[in-house]
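Now for the letters of each chain:
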Amino acid sequence: MGFLTDLFSNFWVSLAGKLLLVGLMIPLVGLVIGFAELKLSAKMQARIGPYFAGGRWGWAQLIADGVKFFQKEDLIPAEADKPVFKIAPILVLVSTVGLLVVIPFGPGLIFRDLSVGVFYALAISSLSTIGILMAGWSSANKYSLMGGLRAAGQLIAYELPLVLAVVGAVILAGTMSMAGIVEAQISSGYPYVIFQFLGFGVFMIAALAELTRIPFDMPIAESELVMGYLTEYSGFRFLFFFLAEFANMFSLSAIAVTLFLGGYWLPGISEDVLAWAGPVILMAKAFLLVFIMIWFRWTFPRFREDQLQSLSWKILVPIALANIAITAVFKVVF
Amino acid sequence: MTDTRLRQVPGMGMVKGLWVTLSTMFKTLFLPKAHLATVNYPKVKEQPVPRARGVIALDQEACTVCMLCARQCPDWCIYIEGHKEEKPPDKPGGRIKVRNTLDRFDIDYALCMYCGICVEVCPFDALFWSPEYEYSESHMGGMLHDMDRLQDWLLTVPENPALEN
Amino acid sequence: MVLDQDLVRHLAESSVSVELETEDMTLNIGPQHPSTHGVLRLVARVDGERAFDVHPVIGYMHRGYEKLSEVRTYPQITALVNRIDWVSGYANEVPFIVAAEKLMEIEVPERAQYIRLILTEMARISSHLVFMASYPLELGAATPLFFALRERERVLDLLEGVTGGRFHPNFNRIGGVKPAYGSGSSTRKVIQDLPAGFLAETRDAMDKVTVVVDEINSLVAGNEIILARTKGIGVLPPEVAASYGVSGPNLRASGVKFDLRKVEDYLPYHLFDFEVPVGENGDCWDRWHVRLLEIRQSVRIIQQAIDGIPSGPLQAKVPKVIKVPKGETYVRAENPKGEMGYYLVSNGGQGPYRLKIRSASFSNISILPWILEGVLVPDIIAIMGSLDFVLGDVDR
Chain S
1 MGFLTDLFSN FWVSLAGKLL LVGLMIPLVG LVIGFAELKL SAKMQARIGP
51 YFAGGRWGWA QLIADGVKFF QKEDLIPAEA DKPVFKIAPI LVLVSTVGLL
101 VVIPFGPGLI FRDLSVGVFY ALAISSLSTI GILMAGWSSA NKYSLMGGLR
151 AAGQLIAYEL PLVLAVVGAV ILAGTMSMAG IVEAQISSGY PYVIFQFLGF
201 GVFMIAALAE LTRIPFDMPI AESELVMGYL TEYSGFRFLF FFLAEFANMF
251 SLSAIAVTLF LGGYWLPGIS EDVLAWAGPV ILMAKAFLLV FIMIWFRWTF
301 PRFREDQLQS LSWKILVPIA LANIAITAVF KVVF
Chain G
1 MTDTRLRQVP GMGMVKGLWV TLSTMFKTLF LPKAHLATVN YPKVKEQPVP
51 RARGVIALDQ EACTVCMLCA RQCPDWCIYI EGHKEEKPPD KPGGRIKVRN
101 TLDRFDIDYA LCMYCGICVE VCPFDALFWS PEYEYSESHM GGMLHDMDRL
151 QDWLLTVPEN PALEN
Chain W
1 MVLDQDLVRH LAESSVSVEL ETEDMTLNIG PQHPSTHGVL RLVARVDGER
51 AFDVHPVIGY MHRGYEKLSE VRTYPQITAL VNRIDWVSGY ANEVPFIVAA
101 EKLMEIEVPE RAQYIRLILT EMARISSHLV FMASYPLELG AATPLFFALR
151 ERERVLDLLE GVTGGRFHPN FNRIGGVKPA YGSGSSTRKV IQDLPAGFLA
201 ETRDAMDKVT VVVDEINSLV AGNEIILART KGIGVLPPEV AASYGVSGPN
251 LRASGVKFDL RKVEDYLPYH LFDFEVPVGE NGDCWDRWHV RLLEIRQSVR
301 IIQQAIDGIP SGPLQAKVPK VIKVPKGETY VRAENPKGEM GYYLVSNGGQ
351 GPYRLKIRSA SFSNISILPW ILEGVLVPDI IAIMGSLDFV LGDVDR
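Chains as they are written, first to last, in the working numbering: chain S, 1 to 334; chain G, 1 to 165; chain W, 1 to 396.
Everything labelled a hint here was simulated from the structure, so no lab data went into it.
Ideal Cβ placement from N, Cα and C applies to all residues, glycine included.
Hints may contain errors.
Said to hold, decoys possible - Just some of the chain W residues that point at chain G, by a computed CB distance under 7 Å: (1) Pro34; (2) Ala79; (3) Arg150.
To be verified - Straight-line Cα separation of at most 27 Å, DSSO-like style, residue types lysine-lysine; simulated pairs: (4) G:Lys16 / G:Lys45; (5) W:Lys208 / W:Lys356; (6) W:Lys231 / G:Lys16; (7) W:Lys356 / W:Lys326; (8) W:Lys67 / W:Lys257; (9) G:Lys43 / S:Lys68; (10) W:Lys208 / G:Lys45; (11) W:Lys67 / W:Lys102; (12) W:Lys257 / W:Lys231; (13) W:Lys231 / W:Lys67; (14) W:Lys262 / W:Lys67; (15) S:Lys314 / W:Lys231; (16) S:Lys86 / S:Lys72; (17) S:Lys68 / S:Lys82; (18) G:Lys16 / W:Lys320; (19) W:Lys323 / W:Lys356; (20) S:Lys314 / G:Lys27; (21) W:Lys102 / W:Lys326; (22) G:Lys45 / G:Lys33; (23) G:Lys27 / G:Lys16; (24) W:Lys208 / G:Lys27; (25) W:Lys320 / W:Lys67; (26) G:Lys33 / W:Lys208; (27) S:Lys72 / S:Lys82.
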């Protein structure tokens, strides 16, 4: 045990270990959430869902899909802008991985506790916007172009409510560090969602829009644009986008849990239990939010682009600003 | 008509939709017999009704090579060849009977549109419908069922179902 | 060179303001597209998200029905004709057979007429359920698809139990419905009357269809997002609809109370009590709502028909080899998609001399250039879906 602590106190070894863990988390989380989506959506539609791959329950369905994607031919359209086409999925994946770095999985269990953790998380998550625009533009396909432009408008429009919604939680906690916010919730004894329900609601809606999931999936719009900005992607490039979407669902849910739902803490559980139960609790809460995202996706149709924009600018931004004002007043007065 | 006008509270329509999806999910998970709509094919197969038009079976004994089915088929997917054979007379000293014998009776299921006209016009009840549906092939030639294969399908022809009075 | 006034003005204006030059993009929607109900191609000039100058290009699915009919006999054409509008198979056969029977002046027995009516209404329910399945899918909601198709399975199983075919029943014969397989002297004659248990199963299925239609209604019709996507979109005024020849639920959604079931007598609809649902505004939501109400009315008709079905022969006495006497006639029927008509010209042969098919969807999509002018691209999909056409019906 002492050998391991010495080993990991070496900066490079611990860096390698953290990179490995983060790199493994993305496909694992993506696979689990993707499988959950397949099965849950099937149950909501009175179907079985995958059951064949891997014997019972079809647990190997997504692994088989992953292998299938890998062995496909790497098709790039002749008129596409090749470097941009190739970099786009990587950018989207990078933004997802970057988000996982600041999520506190337990007391002290965080890859890197930045003092501006919240700021960093929001900035990194907007990197995927560029990736999507690149994908749409470089595909040399009119449908992809339309999808990419819709994505540009939508993602930029919903960045603002996303950012404004978390300001309320930051005001209550007094710090921008993610671990610090969880500790502030622990010391105050209640999760921030109780007072920040407006902020939580706005954050979840804006997160759904950032993920371009139904009801905000105009950029993909399967029944209109075939796959929007993803039309020309196949094989492992599509796999990157696919995994990035599911992993991003987890990342954004984990951020929402950290900021509003108390992170890895449950009231009544002592500090030393949290050391090993923290990750489990965080995962459970994040998966609950992911379930809600899946539930919304299979129930609702999609908004039209202009309705989407008016929802963001005319409804969500004023609510978020009002939330900030009220929170600031309460913080100063009480 | 009134149910859609009742959603006075904004957002109630969406909440009702969410409730429908969630309740379907729980019903499918915990009461699968009544609510699950799909089956684990090929472990569990659905049984088609007795009258389902799956495949056509041939009774070679009854066929007299009258060619009515081949003529009436809209796609001309039945290929029949026959020749006349002389059979000995019933009684000694009687006439020699001449009978048609089947050489070839093929139905090309790649062309067949499962309309049933051939079965209907056969005057000698040599063709029957059978509800079997699992005869897909990996090459087109396999979709041409010859005489013996059509005779084998005869074993799968169900009994006439009971009728509504 | 003399500079004319307009040119001078144009030059003066264009030197004052610096405008962002944007170009229109010509977008081909289709023929391979998830939402065009088949191989329809729309050539649209798109400026940003607005489409102008939308031209439908059809003919990708032309199968030559009218030419085929010149060289086929009546039973063969009956087998072919239910593939025109493949979603509601049975309803395509009825007006054709009725046209031939009119020329031959045959009286169809009562039981056969009742069976034809029940199966036609089941075809209507089946077609409208496909609409309920595919229209929310085009708007993005994936779940009503499965609910509606699950109920459609019940109706198709019933159709299969009677006719042997789910989509292509081929159950009509001149003089009635198909009486039996086998016409020889053997004992294996299979009478094609209603199988045992059909009436009870139909009652049961109709109850379940009603329940699920209500479920789909609550999932879809009250949803604020659907209302935002369909209310006020694609408004079709009744005069325009009538002038373009739109028929069926599309016409009724625009407010015109015209149903061929009440006007024509190809089937005994006058014996049953049902309403004709009419919409108010003629937008996409009304077209959805009218079809939903029509499913409920069809259920009502079937329930009445089942309660009152008489016994009797299934086919009138017709000669073995049917030759329709010389003449011509036009019979139109209220198909699920609209008005379907057959103009039959016979010169005494075993097959028609000429069969002209007036299909509902062909006239229904003739309003696409008018209704899609200046509309946003997502709305194109919403409007096309609400017109509920099938390319087999358009191109024949």
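Identify whether the interface hint at Ala79 (chain W) stands, where standing means a beta carbon of chain G within less than 7 Å of its own. 3 Å, holds
Hinted pair Lys231 (chain W) and Lys16 (chain G), Cα distance within 27 Å: 19 Å, holds
Please work out if Lys43 (chain G) and Lys68 (chain S) have their alpha carbons no farther apart than 27 Å. Given that 27 Å is the threshold and the Cα spacing comes to 24 Å, the pair holds.
For the pair supplied as a hint, Lys314 (chain S) and Lys231 (chain W), is the alpha-carbon distance within the 27 Å limit? 20 Å, holds
Proposed proximity, Lys67 (chain W) with Lys231 (chain W) (alpha carbon, max 27 Å): Roughly 42 Å between the alpha carbons, so the hint for Lys231 (chain W) and Lys67 (chain W) is violated.
Hint check: Lys33 (chain G) vs Lys208 (chain W), CA-CA at most 27 Å. Holds or violated? OK: Lys33 (chain G) and Lys208 (chain W) at ~16 Å, within 27 Å.
Holds or violated: Lys72 (chain S) with Lys82 (chain S), Cα cutoff 27 Å? This hinted pair holds, its Cα atoms lying about 18 Å apart.
27 Å Cα cutoff - pair Lys262 (chain W), Lys67 (chain W): 32 Å, violated
Would the hint linking Lys16 (chain G) and Lys45 (chain G) be met if the CA-CA limit is 27 Å? Outside the cut-off at roughly 35 Å; violated.
Measure nothing beyond the straight line between the CA atoms of Lys257 (chain W) and Lys231 (chain W); if it is 27 Å or shorter, mark the hint as holding. 21 Å, holds
Could you check if Arg150 (chain W) really has its C-beta closer than 7 Å to a C-beta on chain G? This interface hint holds because 4 Å falls under the 7 Å limit.
Does the alpha-carbon distance linking Lys208 (chain W) and Lys27 (chain G) stay inside the 27 Å limit? Roughly 16 Å separates the two Cα atoms, so the pair holds.
Hint compliance for this structure: hints 1, 4, 5, 8, 13, 14, 18 and 20 are broken, all remaining hints hold.
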